[in-house]
Amino acid sequence: MRRLLPWIGIAALLFLLIAALAPGLLAPADPLAIHPTQSFRAPSFAHLFGTDESGRDIFTRVIHGTGASLLIGVSATAIGIGLALVFGLLAGLGPRWLDFGTTRFLEVLFAFPGLLLALLFIVVYGPGVVTSTIAVGLATAPGYARIIRSRVLVVRRAPYLEAATVLGRSWWFRLWRHLLPNVAGSLFVLVTLGIGQSIVWASSLSYLGLGAVPPAAEWGAMLSAGRTYLTSFWWMTFFPGLFIMISAVATTLVGRGLQERSRDS
Amino acid sequence: MKHVVVPVMSILAVALIATGCSAATTPTGTKPVSGGVLVYATGDAEPTCLDPHVGGNYPQALVATQYLESLVSKNTAGEIIPWLATKWSESPDGLSWDFTLKKDVKFTDGTALTADAIAANVAHVQDPATGSSTGYLALQKVTAVTAVSADVARFTLSTPDSALLDSLSQPWLAIESATALKRSQAVNCESPVGTGPFAVKKWTHQQSISLVRNADYSSPPADAAHSGRAYLKGIDWRFLPDSASRYAALQAGTVDVIDNVQPDTLVAAKRSRDLVAIDAPRPGASNRIELNSSIAPFDDAKVREAFIRSANVNDAVTSLFFGTAKRSYSALSSVEKSGISEPSLFGYDQKAAAKLLDEAGWSTKNADGYRTKNGAVLELSLPVSTNQSIPAEQSLFEQLQATSKQAGFKVDLKPLDLSSWYGALGKNQYNLVSAPYTKVGPDVLRILFDSAGTKPAPSGYFANHSQVKDPALDALLEKAATSSDAAERVSLYKQAQEIVLKGFYILPLYDQQNHYLHRSVVKGLRAMPTVSTPTMYDSWLSR
Amino acid sequence: MALPVGALPGSGARRSWVPWALLRLGGVAFVLWAVATVTFFAIRLIPGDPAEAILGGPGSQASAAAFAQARVDYGLDQPLFVQYLQYLGRMLRGELGTSYALKQPVIAIVGENLGGTLLLAVVSLIVAAAIALALAAWSARGGRVASGVGWLLEVVAAAIPHFWLAISLILLFSTTFGWFPPVSVPGPLGLVLPVLTLALPLSGFLAQVMRESILDAMASPFVLAARARGEGSGGVFWRHALRHAAIPAIGLAGWAFGSLISGAVVVETIFARPGLGRSLLSAVQQRDVPLVLGVVLVVALGYMLVTTLTDVADRLVDPRLRAS
Numbered sequence: 000m001r002r003l004l005p006w007i008g009i010a011a012l013l014f015l016l017i018a019a020l021a022p023g024l025l026a027p028a029d030p031l032a033i034h035p036t037q038s039f040r041a042p043s044f045a046h047l048f049g050t051d052e053s054g055r056d057i058f059t060r061v062i063h064g065t066g067a068s069l070l071i072g073v074s075a076t077a078i079g080i081g082l083a084l085v086f087g088l089l090a091g092l093g094p095r096w097l098d099f100g101t102t103r104f105l106e107v108l109f110a111f112p113g114l115l116l117a118l119l120f121i122v123v124y125g126p127g128v129v130t131s132t133i134a135v136g137l138a139t140a141p142g143y144a145r146i147i148r149s150r151v152l153v154v155r156r157a158p159y160l161e162a163a164t165v166l167g168r169s170w171w172f173r174l175w176r177h178l179l180p181n182v183a184g185s186l187f188v189l190v191t192l193g194i195g196q197s198i199v200w201a202s203s204l205s206y207l208g209l210g211a212v213p214p215a216a217e218w219g220a221m222l223s224a225g226r227t228y229l230t231s232f233w234w235m236t237f238f239p240g241l242f243i244m245i246s247a248v249a250t251t252l253v254g255r256g257l258q259e260r261s262r263d264s
Numbered sequence: 000m001k002h003v004v005v006p007v008m009s010i011l012a013v014a015l016i017a018t019g020c021s022a023a024t025t026p027t028g029t030k031p032v033s034g035g036v037l038v039y040a041t042g043d044a045e046p047t048c049l050d051p052h053v054g055g056n057y058p059q060a061l062v063a064t065q066y067l068e069s070l071v072s073k074n075t076a077g078e079i080i081p082w083l084a085t086k087w088s089e090s091p092d093g094l095s096w097d098f099t100l101k102k103d104v105k106f107t108d109g110t111a112l113t114a115d116a117i118a119a120n121v122a123h124v125q126d127p128a129t130g131s132s133t134g135y136l137a138l139q140k141v142t143a144v145t146a147v148s149a150d151v152a153r154f155t156l157s158t159p160d161s162a163l164l165d166s167l168s169q170p171w172l173a174i175e176s177a178t179a180l181k182r183s184q185a186v187n188c189e190s191p192v193g194t195g196p197f198a199v200k201k202w203t204h205q206q207s208i209s210l211v212r213n214a215d216y217s218s219p220p221a222d223a224a225h226s227g228r229a230y231l232k233g234i235d236w237r238f239l240p241d242s243a244s245r246y247a248a249l250q251a252g253t254v255d256v257i258d259n260v261q262p263d264t265l266v267a268a269k270r271s272r273d274l275v276a277i278d279a280p281r282p283g284a285s286n287r288i289e290l291n292s293s294i295a296p297f298d299d300a301k302v303r304e305a306f307i308r309s310a311n312v313n314d315a316v317t318s319l320f321f322g323t324a325k326r327s328y329s330a331l332s333s334v335e336k337s338g339i340s341e342p343s344l345f346g347y348d349q350k351a352a353a354k355l356l357d358e359a360g361w362s363t364k365n366a367d368g369y370r371t372k373n374g375a376v377l378e379l380s381l382p383v384s385t386n387q388s389i390p391a392e393q394s395l396f397e398q399l400q401a402t403s404k405q406a407g408f409k410v411d412l413k414p415l416d417l418s419s420w421y422g423a424l425g426k427n428q429y430n431l432v433s434a435p436y437t438k439v440g441p442d443v444l445r446i447l448f449d450s451a452g453t454k455p456a457p458s459g460y461f462a463n464h465s466q467v468k469d470p471a472l473d474a475l476l477e478k479a480a481t482s483s484d485a486a487e488r489v490s491l492y493k494q495a496q497e498i499v500l501k502g503f504y505i506l507p508l509y510d511q512q513n514h515y516l517h518r519s520v521v522k523g524l525r526a527m528p529t530v531s532t533p534t535m536y537d538s539w540l541s542r
Numbered sequence: 000m001a002l003p004v005g006a007l008p009g010s011g012a013r014r015s016w017v018p019w020a021l022l023r024l025g026g027v028a029f030v031l032w033a034v035a036t037v038t039f040f041a042i043r044l045i046p047g048d049p050a051e052a053i054l055g056g057p058g059s060q061a062s063a064a065a066f067a068q069a070r071v072d073y074g075l076d077q078p079l080f081v082q083y084l085q086y087l088g089r090m091l092r093g094e095l096g097t098s099y100a101l102k103q104p105v106i107a108i109v110g111e112n113l114g115g116t117l118l119l120a121v122v123s124l125i126v127a128a129a130i131a132l133a134l135a136a137w138s139a140r141g142g143r144v145a146s147g148v149g150w151l152l153e154v155v156a157a158a159i160p161h162f163w164l165a166i167s168l169i170l171l172f173s174t175t176f177g178w179f180p181p182v183s184v185p186g187p188l189g190l191v192l193p194v195l196t197l198a199l200p201l202s203g204f205l206a207q208v209m210r211e212s213i214l215d216a217m218a219s220p221f222v223l224a225a226r227a228r229g230e231g232s233g234g235v236f237w238r239h240a241l242r243h244a245a246i247p248a249i250g251l252a253g254w255a256f257g258s259l260i261s262g263a264v265v266v267e268t269i270f271a272r273p274g275l276g277r278s279l280l281s282a283v284q285q286r287d288v289p290l291v292l293g294v295v296l297v298v299a300l301g302y303m304l305v306t307t308l309t310d311v312a313d314r315l316v317d318p319r320l321r322a323s
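Protein sequence lines correspond, in order, to chains Y, R and E.
Counting from 1, position 135 in the first sequence corresponds to residue 134 in numbering that gives the first Met the number 0; the numbering is continuous, with no gaps.
Counting from 1, position 167 in the second sequence corresponds to residue 166 in numbering that gives the first Met the number 0; the numbering is continuous, with no gaps.
Counting from 1, position 293 in the third sequence corresponds to residue 292 in numbering that gives the first Met the number 0; the numbering is continuous, with no gaps.
To be clear, the hints were calculated from the coordinates, so they are not data collected in a lab.
If a hint is listed, it holds; no wrong ones were tucked in.
The calculated BS3-like cross-link candidates involving lysine-lysine, where the alpha carbons are at most 25 Å apart (straight line), are:
#1 K200/R x K102/E
#2 K478/R x K140/R
#3 K102/E x K181/R
Interface residues of chain Y toward chain R, partial, derived using beta-carbon atoms under 7 Å:
#4 I33
#5 P35
#6 S38
#7 E52
#8 S53
#9 P214
#10 Y228
#11 L229
#12 T230
#13 S231
Which chain E residues face chain R? A few, computed with CB under 10 Å, are given here:
#14 L101
#15 N112
#16 S173
#17 T174
#18 G177
#19 P180
#20 V184
#21 G189
#22 R277
#23 S281
Backbone N, C-alpha and C fix where the C-beta goes; we use that ideal spot for every residue, glycine too.
Sequences are here, hints too, so could you generate the full structure?
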């Protein structure tokens with residue numbers, strides 16, 4: 000059963016990817032078309048996930064929103080990992096004082112519980128999709144940076160790297176051919192885990208009204224819109240939330256599977 | 000035999016006790032019971048200052064109604080009735096008004112209600128250091144207040160003001176203790192002292208305000224249900240901004256009364272036997288979208304009309320408000336007796352919209368379907384204040400965005416926090432905006448549509464968002480403001496509204512929605528006919 | 000035979016303890032200084048006039064007098080370095096500015112709200128640890144099925160967004176069953192749903208970590224030795240493996256605290272509980288910069304305290320660390 004789970008995760012991710020890249024295949028209707036006379040319908044055969052306050056089909060919107068939501072998750076993770084690589088490499092490769100300074104700096108950023116750092120960024124630059132994506136990226140960077148740094152420190156002492164140094168390979172060569180590929184292995188796992196987490200955080204910000212806004216067919220925006228109708232029309236928040244959870248679980252299953260695989264090998 | 004008697008007697012005893020108990024706990028229904036603390040959960044923003052002289056917004060009015068009182072009030076027929084003033088008279092030239100105060104009324108700090116106190120209050124509102132917006136605007140024509148005798152106050156005006164009584168009925172001009180007003184503003188904001196049925200005991204910021212009964216209360220308005228002190232021992236005024244939580248708390252019995260009830264919960268509440276709804280639309284303007292006529296493209300009346308024709312408001316109102324809001328075709332709230340309604344001007348007609356836009360020169364369309372003229376796209380900016388517009392209203396804007404797109408309008412919805420929203424308005428960076436304005440009486444038309452309303456007050460705010468600058472309209476409104484003939488005023492205000500509606504400066508939506516929901520154990524709760532705030536003076540709890 | 004002096008638990012340990020403590024304190028002070036510096040620049044990074052930002056944004060309708068006062072209070076007219084020193088001075092005195100929206104000193108607002116959030120965080124941490132331990136123990140000792148199910152539960156629990164969990168719990172336990180109130184009420188009943196919302200996702204993470212170390216511990220030599228001595232597997236578990244499960248969990252406590260504070264923002268808002276999280280969110284929504292910065296500083300301080308405490312606790316629990 001344990002071995003099966005990562006495959007379930009991969010299957011779910013594939014489904015999400017199709018929804019992101021070719022939503023029309025799964026949901027041919029227009030996600031923005033309003034039908035006021037059909038508003039607030041409960042889930043039925045005609046509308047699998049029900050309709051929202053303007054009569055838009057929620058199933059269609061959830062599928063079409065996959066692309067936007069995944070993009071936010073990927074962008075935020077890219078920002079986070081990008082920053083983390085810079086700091087992690089600096090700390091791992093540089094002289095001791097640089098390591099000390101960078102690590103303490105990372106500790107500082109780490110001292111802000113993630114959401115708080117994101118909120119600090121948003122209060123400075125205002126709410127919106129772009130700022131919330133950047134905010135999530137910034138908030139997750141310190142965590143990645145610490146892991147990258149420790150990995151870099153390990154790889155730095157590896158025999159093959161010593162051998163390369165003895166052989167007189169250039170600094171750039173050592174970085175590109177030896178260091179990065181070995182760090183990237185753990186990076187891959189981080190990215191998969193990170194995308195799921197970033198989606199959750201970005202949608203939390205949207206739920207709080209600080210991220211994407213309607214009428215965008217984006218999961219977080221749909222949550223924000225459905226929030227007031229929580230007790231009367233539960234399906235407006237339930238289904239986007241379900242997909243957010245599926246994305247996070249799928250990426251985590253795949254990521255953990257990769258982790259175990261690399262540990263066994 | 001004995002072993003049967005004992006069980007039978009016990010059963011009888013239990014039955015007797017049970018019926019006795021239930022008889023005692025059955026609500027008697029009609030006789031008010033003294034005691035108990037009512038829990039009120041408000042969804043409005045927490046005031047920054049409990050003194051409505053400072054600033055002057057609706058959240059302040061809501062809570063101040065419990066501990067502050069005004070000179071006059073209004074009944075449901077729309078007539079001005081006595082409150083802290085028992086009678087009043089206007090001089091023949093309209094330049095002074097005498098108010099006779101009720102005798103033996105005391106503030107909760109023990110000081111007496113005198114004409115000097117009235118003078119001190121007006122001075123406080125008119126003092127720039129106080130920072131009053133609403134009250135300040137309402138008293139613009141008052142030059143001085145003098146004490147003719149201990150209980151007669153004379154208001155001296157610069158020009159006759161037909162709206163003075165309406166203004167004085169509002170909570171933003173309520174009367175506070177002159178001694179208390181002498182304290183620093185920071186202290187007075189925490190617990191203003193008034194003559195009301197309750198007094199502020201403690202304000203726990205972001206949580207609640209605790210109000211206690213005023214044992215010496217003696218000044219109910221003329222339309223109150225009883226006299227003497229209030230029945231309730233106190234009120235727990237809580238801040239619960241999330242509407243779903245608020246309703247859930249009401250259902251669970253954690254709170255007794257809520258405001259800002261969303262349409263879907265109103266419908267759900269109808270099905271419940273424990274909940275009672277009060278519909279009390281706010282006076283003043285209707286809830287409307289204002290079209291900024293000072294900048295393109297709405298400087299062209301044809302484009303304004305085209306937009307109105309292309310906006311399907313009725314379907315949106317029906318689908319989003321579940322019949323709890325009635326479509327309005329008026330510039331004024333339905334509680335204003337001199338309001339007029341013109342449904343024929345606001346029909347949904349996409350063909351007419353297309354024709355008008357062609358006539359106005361916006362005859363080409365770009366690839367996305369939006370109309371263009373000389374390279375510019377027909378784009379409209381609508382900043383939405385997430386504080387002022389409830390979610391149903393925000394969804395309504397989305398629907399209007401979709402239907403007006405069919406005619407070729409590109410509407411950009413920009414949800415903003417209150418401060419950024421005021422900023423956008425101040426910089427004239429909007430084409431459409433929905434801004435509520437609550438005021439008693441048709442004089443609100445002057446504030447909203449007189450060309451003087453485009454000039455910002457010292458606080459930076461201005462109310463004439465459609466930027467109407469029509470001399471004929473100005474003349475009508477000025478005349479109505481100084482006229483003492485009621486019939487003439489009604490006629491003048493009607494003409495003024497015709498100009499506004501026919502100029503397509505506004506798209507009326509519905510009344511300013513103001514619904515309260517309370518548990519059936521709360522009796523005697525009513526909304527004051529002045530600004531539709533709830534008054535707990537006659538309320539009692541039948542539990 | 001006399002024991003070497005160093006072997007006595009008293010003297011040697013004490014001598015090596017002080018430099019470590021000083022280093023830790025120095026680290027804490029450095030981090031706090033860095034946090035204060037970041038927040039100092041945060042105000043100045045805002046596009047536009049910093050005084051405007053302090054008073055609440057472009058449409059705050061603040062008077063000219065208020066602007067002048069803000070400039071004086073924050074020293075905005077003075078050279079940057081002087082401003083910075085003044086700022087640090089105020090931090091040390093505990094003056095964190097005045098919230099524009101609430102018109103009260105930030106330090107007072109934080110003081111009022113700190114208790115609620117701490118209560119929520121501590122209770123949630125305890126509940127999460129309990130759930131995590133139960134889950135980890137069950138999946139570590141159970142068969143393959145238990146192991147798989149446990150793993151899946153842990154992953155799902157860790158992936159659930161707080162707001163979705165809160166909504167689901169409210170819909171289930173409040174609206175449908177009516178067991179618990181949907182908003183905060185005084186007393187323990189009002190704590191149940193908020194605590195569950197915070198504890199469940201956290202327990203997922205903690206359980207994963209605990210299970211790993213339990214498994215490691217069960218396979219280690221000293222457990223074998225204990226078994227060889229005849230101890231039952233239950234006793235082995237509780238007395239030996241558990242201690243090893245605790246170590247990484249304690250290390251995670253610092254991170255858990257941070258995660259709980261993040262979660263508290265959502266949970267306090269949804270359940271209308273007074274606390275730092277809710278104050279922070281409404282401050283962000285109103286662009287109330289001084290309050291946001293104040294809360295961030297206090298949370299950073301708290302985080303440093305917790306990580307220092309967990310380091311100390313680590314050393315107490317794990318004798319291996321004491322020698323280093």
